[in-house]
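Q: The primary structure of each chain is shown beneath.
There are 2 protein chains.
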Amino acid sequence: MENKNLGLTVAELGEQQLLQRLYRFCEPSMVGDDAAVLTPRSGHHLVVTTDMLVDGIHFSDRTTSPADVGWRSAAANLSDIAAMGASPLGLTISLGLPGTLPVSWLDQFYQGVADCLNTYGTAIIGGDLSRSSVITVSMTALGEVLPQEEILRSTAQPGDAIVVTGVHGAARAGLELLLHPDWGQTLSLTERLALQKAHQRPQPRLDVIQALQHFTPVPRATGMDSSDGLADAVLQICRASGVGAEIQQTQISIPDSFKNSQVLTSEQALEWALYGGEDFELVLCLPLSSAQKLVEKLDSTAVILGQIIAGNDIKLIRKDGTKYFLDLQKGYQHF
Amino acid sequence: MENKNLGLTVAELGEQQLLQRLYRFCEPSMVGDDAAVLTPRSGHHLVVTTDMLVDGIHFSDRTTSPADVGWRSAAANLSDIAAMGASPLGLTISLGLPGTLPVSWLDQFYQGVADCLNTYGTAIIGGDLSRSSVITVSMTALGEVLPQEEILRSTAQPGDAIVVTGVHGAARAGLELLLHPDWGQTLSLTERLALQKAHQRPQPRLDVIQALQHFTPVPRATGMDSSDGLADAVLQICRASGVGAEIQQTQISIPDSFKNSQVLTSEQALEWALYGGEDFELVLCLPLSSAQKLVEKLDSTAVILGQIIAGNDIKLIRKDGTKYFLDLQKGYQHF
Numbered sequence: 001m002e003n004k005n006l007g008l009t010v011a012e013l014g015e016q017q018l019l020q021r022l023y024r025f026c027e028p029s030m031v032g033d034d035a036a037v038l039t040p041r042s043g044h045h046l047v048v049t050t051d052m053l054v055d056g057i058h059f060s061d062r063t064t065s066p067a068d069v070g071w072r073s074a075a076a077n078l079s080d081i082a083a084m085g086a087s088p089l090g091l092t093i094s095l096g097l098p099g100t101l102p103v104s105w106l107d108q109f110y111q112g113v114a115d116c117l118n119t120y121g122t123a124i125i126g127g128d129l130s131r132s133s134v135i136t137v138s139m140t141a142l143g144e145v146l147p148q149e150e151i152l153r154s155t156a157q158p159g160d161a162i163v164v165t166g167v168h169g170a171a172r173a174g175l176e177l178l179l180h181p182d183w184g185q186t187l188s189l190t191e192r193l194a195l196q197k198a199h200q201r202p203q204p205r206l207d208v209i210q211a212l213q214h215f216t217p218v219p220r221a222t223g224m225d226s227s228d229g230l231a232d233a234v235l236q237i238c239r240a241s242g243v244g245a246e247i248q249q250t251q252i253s254i255p256d257s258f259k260n261s262q263v264l265t266s267e268q269a270l271e272w273a274l275y276g277g278e279d280f281e282l283v284l285c286l287p288l289s290s291a292q293k294l295v296e297k298l299d300s301t302a303v304i305l306g307q308i309i310a311g312n313d314i315k316l317i318r319k320d321g322t323k324y325f326l327d328l329q330k331g332y333q334h335f
Numbered sequence: 001m002e003n004k005n006l007g008l009t010v011a012e013l014g015e016q017q018l019l020q021r022l023y024r025f026c027e028p029s030m031v032g033d034d035a036a037v038l039t040p041r042s043g044h045h046l047v048v049t050t051d052m053l054v055d056g057i058h059f060s061d062r063t064t065s066p067a068d069v070g071w072r073s074a075a076a077n078l079s080d081i082a083a084m085g086a087s088p089l090g091l092t093i094s095l096g097l098p099g100t101l102p103v104s105w106l107d108q109f110y111q112g113v114a115d116c117l118n119t120y121g122t123a124i125i126g127g128d129l130s131r132s133s134v135i136t137v138s139m140t141a142l143g144e145v146l147p148q149e150e151i152l153r154s155t156a157q158p159g160d161a162i163v164v165t166g167v168h169g170a171a172r173a174g175l176e177l178l179l180h181p182d183w184g185q186t187l188s189l190t191e192r193l194a195l196q197k198a199h200q201r202p203q204p205r206l207d208v209i210q211a212l213q214h215f216t217p218v219p220r221a222t223g224m225d226s227s228d229g230l231a232d233a234v235l236q237i238c239r240a241s242g243v244g245a246e247i248q249q250t251q252i253s254i255p256d257s258f259k260n261s262q263v264l265t266s267e268q269a270l271e272w273a274l275y276g277g278e279d280f281e282l283v284l285c286l287p288l289s290s291a292q293k294l295v296e297k298l299d300s301t302a303v304i305l306g307q308i309i310a311g312n313d314i315k316l317i318r319k320d321g322t323k324y325f326l327d328l329q330k331g332y333q334h335f
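If you're matching them up, the sequences are chains A and B in order.
The letter at position 30 of the first sequence is residue 30 when you use our numbering, and the numbering goes up by one with no holes.
The letter at position 59 of the second sequence is residue 59 when you use our numbering, and the numbering goes up by one with no holes.
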């Protein structure tokens, strides 16, 4: 019977039964009304972010299991919540699904979402199902933040240090491995799996926000996540704040496996670190003393990449001391 | 130049320029960060509802202009906010768009959304654009409500009067006219346009919620909107509350044009009123005295349809006094 059940399609099951099936993944008090009800804590602002992912554009069977599509979609939304300095309150999911899709796809997708949300202490609070010719995932995440702890893109000041968490280029390398399994033969199996996981199961950096919130006082911070690439994040912050930046190539953290395996030239590694995208790390501009304290608190899994300067130039200082101007056109555009 | 501009496609314009173009429809303070920030009033709960609409399933060029798709999508979400007894705080829009879509489609769509939201005193607060093979609209509306004024589906009690606002069957007739222009030849032009407008520009009943909130004290109310049909609303409320209902056919309000033009038999008119859907009216269960006061306050554009009874039966009392049991299977299922 189990096999037969796996072959059941969403059209065969029907909307009402599908909904019943999905309710088990949802916060029970949120199910069954026209809308979900939440109670943000007093004095907090509400943060809202939304995202659409389409089969064949943002994900593909070739690289991403249904559970990974669920995890990645949820993680991308939680990363935007973290990028605002907020804590998550919940997430809604709307899905467009072909009638021929096996119900097992849907079960696995929801399991991936629920696993991600459970990991970060939040839950599915609502959603919608629709028929569509292409699998379409639309999520909206809600979070709460004290007004003085909000992290915007537009408040960076000359002299701020630029802190970058984690490593960059790993998700890009993971995608390469999934698309071209012949690539990276000099990597160990452990290294290959770690890079694939960086692509399939990105970790939103809500832990960094919690670390910041333990500082007394909580420092003024500006920033965003690096979902569209490290270079894009620096450029967006500078553009929104009306400032420039000077960043040091030597400070860009790439996966150790890039260095050891010679799988990439150092130029390629830099390219992927700056423009690869989807690492979902945080790029934060802070007064220098707070930046140093944050790097220490994160056990040096973050670095000070450089500093905010007056003007509009965004300069990358190469290892040999030469300067290079960053170019947004290399960043990812959806159209 | 204007004609050339109308022919521009979303792929030709590119994501960054598209976003710039859409910002003019959005609340200015909400644009440019990873997430929008809202401030719900102190002591209020937050209400969240989400919806996905797909070209060819929920709307079509044959019946709905881009501006109407925008208005209808926004109105459906605001109707869910009203159905919770809440006031709107804002709306996010995610769109999946084919690269070949003219930019003018997008402009008109956004104009329709903005017109609807302006009418009801709220705004676009965020969104996402994605490439897709099929036009896909996903919206999430946020609202706020005092906890004691929340309207759920699960709290109806035997003895409650069932108030229904507006008329039912009009949106269904409007759709028929748009799909089959030969239908309804006995209707006047004014009547035809009014029915089409019921389909293309539904009015979420936030005014009814405001009227209720002016009562002292605000009465306990249970209910939902009639987006999936009047019968479906009564059935969902009864199921969620563990009660039955007795409703009077003579009290069901249909458009005057149905009666005058003999465009429908009375059986067909009843069918469309009960099961047609998309009228976006409210079905509210209230203590009888509050129900009477509400009907009076709404200048008798609402009626008392019947009452909640103990048990599980949902009975329609026909004009001749015979009873008929309502059947949810006739309601709309998406798969």
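There could be a bad hint or two in this list.
[Claimed, not checked] So these bits of chain B aren't anywhere near chain A, every CB distance computed over 12 Å: (1) G7; (2) A36; (3) G85; (4) L91; (5) G96; (6) R131; (7) G159; (8) D182; (9) T190; (10) L193; (11) S266; (12) Q268; (13) E271; (14) D313; (15) K319.
[Claimed, not checked] Computed spacing ranges between beta-carbons, pair by pair: (16) N260/B - S65/A: 20 to 26 Å; (17) E271/B - Y23/A: 26 to 32 Å; (18) S65/A - Q262/B: 57 to 63 Å; (19) A11/B - S266/A: 45 to 51 Å; (20) D207/B - R220/A: 42 to 48 Å; (21) Q292/A - D207/B: 41 to 47 Å; (22) P181/A - S42/B: 53 to 59 Å; (23) D299/B - R220/A: 52 to 58 Å.
Just so you know, these hints were derived from the structure itself, not from any lab.
Glycine is no exception: its CB is placed at the ideal position from the N, C-alpha and C atoms.
Q: Next step is simple, just say for each hint if it's right about the structure.
A: Going through the hints against the structure:
no.: 1; hint: G7; in the structure: holds (16 Å)
no.: 2; hint: A36; in the structure: violated (5 Å)
no.: 3; hint: G85; in the structure: violated (10 Å)
no.: 4; hint: L91; in the structure: violated (10 Å)
no.: 5; hint: G96; in the structure: violated (5 Å)
no.: 6; hint: R131; in the structure: violated (5 Å)
no.: 7; hint: G159; in the structure: holds (22 Å)
no.: 8; hint: D182; in the structure: holds (28 Å)
no.: 9; hint: T190; in the structure: holds (33 Å)
no.: 10; hint: L193; in the structure: holds (29 Å)
no.: 11; hint: S266; in the structure: holds (30 Å)
no.: 12; hint: Q268; in the structure: holds (26 Å)
no.: 13; hint: E271; in the structure: holds (21 Å)
no.: 14; hint: D313; in the structure: holds (20 Å)
no.: 15; hint: K319; in the structure: holds (31 Å)
no.: 16; hint: N260/B - S65/A: 20 to 26 Å; in the structure: violated (59 Å)
no.: 17; hint: E271/B - Y23/A: 26 to 32 Å; in the structure: holds (31 Å)
no.: 18; hint: S65/A - Q262/B: 57 to 63 Å; in the structure: holds (59 Å)
no.: 19; hint: A11/B - S266/A: 45 to 51 Å; in the structure: violated (35 Å)
no.: 20; hint: D207/B - R220/A: 42 to 48 Å; in the structure: holds (44 Å)
no.: 21; hint: Q292/A - D207/B: 41 to 47 Å; in the structure: violated (57 Å)
no.: 22; hint: P181/A - S42/B: 53 to 59 Å; in the structure: holds (56 Å)
no.: 23; hint: D299/B - R220/A: 52 to 58 Å; in the structure: holds (54 Å)
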